[in-house]
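Protein chains: 2
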Amino acid sequence: MTQAPRDWQGKAARRAARKARAATALGPALHGKRVATEALARLLDAVIEPFDRIALEGNNQKQADFLADGLVQLDPARIHDLHMVQSVLALPQHLDVFERGLASRLDFSFSGPQGARLARLVQEQRIAIGAIHTYLELFSRYFIDLSPQVALVAAQSADAEGNLYTGPNTEDTPAIVEATAFSGGLVIAQVNEWVGPGQALPRVDIPGGWVDFVVVAPQPNVIEPLFTRDPAQISEIQVLMAMMAIKGLYAEYGVQRLNHGIGFDTAAIELLLPTYAESLGLKGRIAKHWALNPHPALIPAIEAGWVESIHSFGSELGMEDYVRARSDVFFTGPDGSLRSNRAMCQAAGHYACDLFIGSTLQIDLDGNSSTATRGRIAGFGGAPNMGADARGRRHASPAWLKAGEQARAGRRGAAGTPRGQKLVVQMVETFREHMQPAFVERLDAWTLQEQAGMALPPIMIYGEDVTHILTEEGLANLLLCRSDEEREQAIRGVAGYTPVGLARDARMVENLRDRGVIRRPQDLGIDPRDATRKLLAAHNMRDLVRASGGLYQPPRRFRNW
Amino acid sequence: MTQAPRDWQGKAARRAARKARAATALGPALHGKRVATEALARLLDAVIEPFDRIALEGNNQKQADFLADGLVQLDPARIHDLHMVQSVLALPQHLDVFERGLASRLDFSFSGPQGARLARLVQEQRIAIGAIHTYLELFSRYFIDLSPQVALVAAQSADAEGNLYTGPNTEDTPAIVEATAFSGGLVIAQVNEWVGPGQALPRVDIPGGWVDFVVVAPQPNVIEPLFTRDPAQISEIQVLMAMMAIKGLYAEYGVQRLNHGIGFDTAAIELLLPTYAESLGLKGRIAKHWALNPHPALIPAIEAGWVESIHSFGSELGMEDYVRARSDVFFTGPDGSLRSNRAMCQAAGHYACDLFIGSTLQIDLDGNSSTATRGRIAGFGGAPNMGADARGRRHASPAWLKAGEQARAGRRGAAGTPRGQKLVVQMVETFREHMQPAFVERLDAWTLQEQAGMALPPIMIYGEDVTHILTEEGLANLLLCRSDEEREQAIRGVAGYTPVGLARDARMVENLRDRGVIRRPQDLGIDPRDATRKLLAAHNMRDLVRASGGLYQPPRRFRNW
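If you're matching them up, the sequences are chains Z and F in order. Residue numbers for the first sequence follow the UniProt record's numbering, so the first one is 1 and each next one is one higher. Residue numbers for the second sequence follow the UniProt record's numbering, so the first one is 1 and each next one is one higher.
Source of the hints: derived by calculation from the structure; they are not laboratory data. You can trust all of the hints, since none of them are fake.
One copy or any two copies: either way a pair holds, since identical chains are not told apart in the list.
Capping the alpha-carbon separation at 27 Å, the derived lysine-lysine pairs in DSS-like fashion look like this:
id	residue 1	residue 2
1	K534	K247
2	K247	K402
3	K288	K11
4	K33	K11
5	K283	K11
6	K247	K283
7	K288	K402
Take these sequences, add in the hints, and give me the full structure.
In structure tokens form, the structure reads like this:
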């Protein structure tokens, strides 16, 4: 028996070497795991190497902004060709690392406000995009072929052992840290405060043994209230669409477990549960279990007893006290605050929810939809994961079985084998802002694919996975379509006065309506004149605060009364 | 502003009440979180209530057997109608709780050795099965509609704060504990040993704040070596099939990231990598990144430098020292031992792998396959999750793109929109043991559905998701089939001398072969006479030990030299 000559513990050795370099560089600025705030640059310079994969916590809400600042200030002559593997590009620093020549390669999920700048940098060949992922897909790759060498994460507080308390915004942190810490990488955390010896963290979200260095940031980390929608801005067209969603989808299929996308369309649904849906006798029959951030618009429904449980990807600013006081509904720790977890909530959205409803910017005649538009590379976040049929799912529910039956009725062979299907709904007004039609012959995604040299067009949700398209003109049930032509006419049939809608085959559309493939508001027993803002359970932010018993404390920008 | 009259913190109150009852019942047998071993029955009797959902850790390998014993001994006059939500039914106790009248409802993933007894109990109406799930699906429901009131888990050791060290078998524990602890449930852990004051755990796998009670079990918890296959039992037919897999699939598609099912068929592939695949010049081109337990059969390939990384669902007995010494390949902690995590590894298998290859008991003419047979309800474990096309995936790889192109070539509309596809391979000999044909006109799953009153037949992998069927007769590429008839003949064409195979349309099968839909060994340039056991990189258990440099220590039952 001979030992193989190869070194099989190189990762551990390199990790130890990085830590040794840090100890040398930091000197007295390092106490145990604690790094002096002003010594961050020295720490990063000591531990980061060219070509490292770096997971900079870039979440949907929480940002490791101090660590991002530190990263940007490194010397590109020494540190270059970093490969950034982070779910969200939210801050300017997230692209500055590329402009400054520190990083060259990017794998990500969502770029929101940085989408236009990202597209420019890609065109200038200053960023090579590996791929756009859905969140859980990127986390999955952390464990297979994109394990980070260095993770830069954010938490609320830490103790001397490096245990981290994230408070309500746990988000991506567990997935990033676990993948890094157990594959020979280094974990560096910024925290807002330190708890002294003898003091205990409110709870431990990340065990200290998984964390190498902790630095207190000079400012609390940035958190964005992305899921707050002021009811005052909900239009009566959105009320009408929400009524159709409740009657034509939630009641029709008996949807009890669901996820809502972000936006005013779904906020309108949330605000109609305790009013319109209540009047239909639906309480206890629909919308009981949610994979959802703590949306303020859901407060009236929660207060009216509609909601049994909510598991969350992340938190929402201002909802802290409300969540704490409603611990029967939210996942909370012994400290009372929310425990969010994006990886597990995305899994739950994929496998344990019967319906995903969200919005998009463009839909084509095959039902493919995308938020990618020319000159912007926005990414998709969680939508592809939750807006895809979960083909591995094996447990049944009435909603899932009915959707599956509709899709398979009359089919033969493998396509006819009984199976359930997830309800995936795209909810759009026929024209979006600036009178841009939501329905197009050709998605901008195709142009973007050419411009950015992508292997595939960046389609957010594929036509094969969309089951319904809901506009102010009606509800198209694509499950019932039996040919490409029927699908096309079903889509044209709810596309209103857009060019796509005007080019409909009127006879075929009427035939689809007779078959229930297209349902107008009146087909659902909804009189559009009833669709008034009066139906909303809250008309403005102040109403939401009142409904919460004063527990909800909106961020200043939403305090418009 | 008025506070709602409803109590919104009932879960926390009930949790506190349970803990108070435990304190009273245990008296001096409770120190902090530590419960005296002999007081377990009193603890369980005090905290468990009728109709509770109980997550009894029942994993694929690790079993909370002492807690299971305790549960079985409760008084059914007091505690009844428990709803067991556990991934694996491995021990007799897991069904004893039903026979004794303690539990009445079950949601699970896999029942392996208990499958026949489970079927009997269902027929006697002593168990109502909610559903059979794939693992990640069941974990997902823990966060949505099946959150446990009480979790009974197993770990290697604990400290006074309740911090748990799982060692290499972390498995389901993080998902179970997180879902329970943050939804108002109670977490009870059995451990093999206690670390005294002043002693530190090797690492913290579960933070103590998430754990309510810890009890030292009188015996170390049961762990099964499920993934060990003795190379001596690999047949030359399996060698032939493995050669076809390597040449016709791994090389053909350039598969770098993959998962293998359990069994001799895939063990043969693992043992041919450093020999046959090496001779084809495939090193570095295939099979680099794995979602896989530490299979002993992979040792020769690891030693030969084929494998870059392995992330694991659970561990494998005897592989501890080998894993520790190969930390560049495996996910390990600072203590040197494996960190497994079934939830994250299942996500990785779903979203970050290009190929799943496994076996089954029956395949029908639509390509649907199942391990469910009459009189047995076995469940499917991870197969549905990894053996399904990941429709939410958005990152490209050559293997995934090629499979997608083959599936979509010539199609129009939504079905023709370019998209990748996961390779899902069923690898079976045409006859399994006792000369049962693997190919059938009708799956036993249909009979089982009727017997057990299931909403759908328990199909493990659907024909729509299977891309290839591999037998000793050849490789059928279902991606290239364009009709139900073609699919049927492609399946019959590799079904050999089974009745299904004999009923083939010989002309159509030859046509499919001309088109490359069916490929015989000779079509792949493989001479069946070359398929000898000599090609295996290890011929027996002793060879595996030798290849490991003596680091692999097989359990006694495998020490046959």
